[in-house]
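Go ahead and model the full structure; you've got the sequences and the hints to work with.
Residues per chain, in single letters:
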Amino acid sequence: MRPAWRLLGALALGAVVYFYGATSEVAWLFLFGFLVWCAAAAMFLYARWNARGLTGGLRLLDVIPSPLSPISEIPERDFRDAPLPAPVFEGDVARLELRLDSADGRARGPARFTAAVGEIALEAGTGLVPPGGWSAVRELGPVARGPLAAQRLAIESSDPLGVFRTRRVLPEEGLALALPLFTSLTDNRHVREVESQLTVVRAGHGTDLYGVREFRSGDALRRIHWRTSARRGQLVVREFEPPGLRVLALLLDPAPASPAVADQLARLAASEAWDCYRAGGRVLAWSPGLEPLAPWQARSVWAVLEWLARWPQLPAEESEVPRAMDAIAFTDRPDGPAVQALRQLQDRGAAARAWLVGSEPDLDGVPFTRAGLGWPLPE
Amino acid sequence: MRRLRLPASPVEDSGHARAFALAAFGVACLAIALYGQSYLVPPVAFAIAVAGHRFSYAWRRRKRSRLMQAALAGLMFLTLAYFVFDSVLGIFGANLPQANLVMLLVAVTSFDLTTRRNLYSSLWMTLALVYLAAVFAWDLQFGVFVVLWVACLLGFWAASNLRRLGSPGFELPRRPVALALAAGLVVGGGLFWLLPQPSASPSGPLVISLPSNLQFGGLEQPAVPLVQFATDPSGKSDNVDLRFRGRLGDQIVMYVRTGAPAYWRGLTFDRYRNGSWVVSQPAAFRFRTFHAYVDSHELGSTAVGPQLGDFVQTVRIVRSIPGVIYAAAPVESLYYPAAEVREDQFGDFYAPAPHKAGTTYSVVSHLPDYRPASLRVLTPELPDPVDGTYKDAGNLSLRARQLARSYLDGFDPLSERYDAVIALAKHLQADYRYTLATPPAPAGVDPVDYFLFDAKYGYCEMFATAAALMLRSQGIPTRLVTGYDPGEYSSTLDQTIVRERDAHAWIEVFFPGHGWVPVDPTPGFSALAATRFPDRWAASGLAHLIPHLSLGAPAAALTGLGAFALLPGLLGLVAILAFGLLWLSRRRPPLRARSPGEAELIRVYDRLQRRLGRRRAPPQTPNEYRRAAAGGELDSLLEEVTEAVNRGVYSDRWPGPAEVAELRSRLS
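Going down the list, the protein sequences come from chains A and B.
So for the first sequence, this note's numbering puts the first residue at 1; every next one is plus one.
So for the second sequence, this note's numbering puts the first residue at 1; every next one is plus one.
Fair warning: there could be bad hints in the mix.
[Said to hold, decoys possible] Sample of chain A residues lacking proximity to chain B, with all beta carbon distances greater than 10 Å (derived):
(1) 26
(2) 66
(3) 79
(4) 116
(5) 125
(6) 142
(7) 216
(8) 255
[Claimed, not checked] Here's a subset of chain B near chain A, in silico, CB distances under 7 Å, partners left out:
(9) 146
(10) 165
(11) 191
(12) 203
(13) 443
Please keep in mind that the hints were generated in silico from the structure rather than gathered at the bench.
Glycine included, each C-beta is placed from N, C-alpha and C at the ideal position.
Structure (structure tokens):
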């Protein structure tokens, strides 16, 4: 807690009138001086009490979708594991709640909550924080792709007169992750939703090993993986992919030329992933030198969207090119590492193609589609 | 060298802050109106200020046009012109012209209050008005104005602070703020009442109101002591006749705000003849004339002998009395609101006309060191006055002279003057009785002899006359002084209330090296009538170390408060209760966070779904349900209920019962 200049003014005012009282024998000036000094002292105690009882936070309250938001394309069923309270896509307007609470249920104040989201400063203040808390809503947007984090959070409180002020810094908070825009790139609207619904992981179907999971009633006993069961101490069964399941590998360069290029590549990758999911497939995302999408997240559209939202700001990790029969590279350079990885998969027999953003020379030997930076893509 | 510049002051957007600044001005105007008895300018100025504040607030972000700036400047010059005319010519009554000037300036500048710094300037001008009213205030009720003005200042600070924090309104937690301010008020008031009030060396007399154009013209000695019946309607007289005694009632004559209780010296007489004191002819025509403000340079050095300091007195005349400027002697400087004042050779000051009710003047006096140890040291560099008038005992009888000799208790009047004088004074105090019911001396009998040998009782003039003549008969220069005794002293307000019955007479004895020292031979008073500089920094802090003021000063102050006597006790009780409650509340276990509205809100949500004819599917989030069910007449209610449910479910912040009840009522 630090005193404001106003404290000096109050002390000086009290001293001046006290001096005048002593030299002029006007007794009331002593009362005046004492009242001002005692008010300042009372405000010191108040400011301490106020600062100790205040907490606060910032959270995503709601989202106002942009006109380009793909939210309406996502079936309601897929919102079961969507981010809460609502998924945020780039270009949306996020409604943030700045909140101040009283720790012990007593009314407090005044106080102000400040935070910075990116370059944008947010603040909201009030003279009264009721026992049930106080909040203010601020709109932020349109947001860019990537993590939406609140930095420099602080609660500023003071006494009612502003004589003593306290500023308490809070730890940074992640608010949301702005997902890349996407749209369906296929003209074929035959969406195998029914098949995708039936694409439930069942043990015993297909030939490609997918993984292991816990034993459920109805599973065939011959699918029990005894070694893993002994290790874990519980029955687990082998899990196989159903036949005809498409596995798509998205290959992205780790260092796109510019943020605009990165955004466009992410949108294209998200769109390809969306089409794959709608067809009942799975998606693996990979970028050389960066942490890949975990295999068990391959079935979640939200997981790949979140991965694409963070790309290329992902932790460094060396990993092999994922094995898949379908692979798409997203790049702005014909000789980038994503294209090189694509050629490896192509050599292994995978169906390979690429998206090339920008005006770089054509790719040799790989079917590609050129795109600009605008979204949505022209017809 | 970099120029020092003040940071730019922000435009004050807070209407509440401006309201508090205006309220502070209102308090100051009311104080001036009530205590300065000025009833025209304060309400007019306040009305103008109200309009000015509204205009300033509406135009706070607009640039002032040249026409407007010229108009404001013109109004300020008009205000100054009023001040000059009223001060010099008194065309508006000349009642507090400088206070009126400040009020009108505040009113005019209220049209140009843009920034916070402007508002501060306005506030400090109103503080000057409160100070001016405080000079005139003579009762405890003025404390209410002080508290109100401080409250306005605190409100201004609070409003500007809330604005700084971005709070849209003026809302604060009532209970803790009230508790904090009440604690400040109680402690501040308690400190004011309990702590000694220091007296610093005054910088000069207070210039309270501007001088009028009253001058001397044909009035030689416009003075009369209250111990004498006035001989004409103006009260003009020039003697003290022991055969007459003036009216001594309870009416208040004046209030004196003083740094030290003292005798308020009015007139001095040096010749006694046939039962009457007069001013001798040579002295009667020795005057010096000064302007309204008489500083120490003009007066010259009036301090004789060792001094303890200076102190200021502010005298407010309550009723019309002759124009004697009562003050503690010796005077160092003074201010009287008249064009001229006059000083006689005794150091008494006179105004050119009788005092009107409400006349207020200020005097700075020296505080000589009249302690016994100091007075016993006689300095030959300042010998007795050569004027034999002061040793002329007149026709004092031989019997009285012999009595005087016996009263000296063998002390040498020349070398042991202090002990001799005190011995005589104490004998008079012990052997004679004070009473106002003294019949005049029979015809043909000397009043002094009648008092000393026959009646053996009398009032102050008898005692003073007898002491003066008896001392003179022993070769000690003495003279008679009339005025008022210190009066009823209030240590809280640092003022004395002087009534008619406080009219008094005493003597002044010349001590070589100390000058004329006041001595009071009347029973009930300390023999040495001089004041001692009060030790206001005494650790006890509850009493002024004045010889005739007992250590029961707090009790005396308490009884002097009248009905307010209950106030300190009540305030103490309130303070104890407040701190006790605070202590108890801290001992109480902290409140557990509750969610009283949780179950009720879920019930409301269920009812809403039934009303909409559509139940939320289990995997459906509230937001999904809201989007699916939107389009009906309950959209807004559905949105609010959905928000409340989301807050409760995801953040564990359930609404309160009142909020849920409001939602339920809208559903009904």
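Tell me the numbers of any earlier hints that the structure contravenes, in ascending order. Violated: hints 1, 3, 5, 13.
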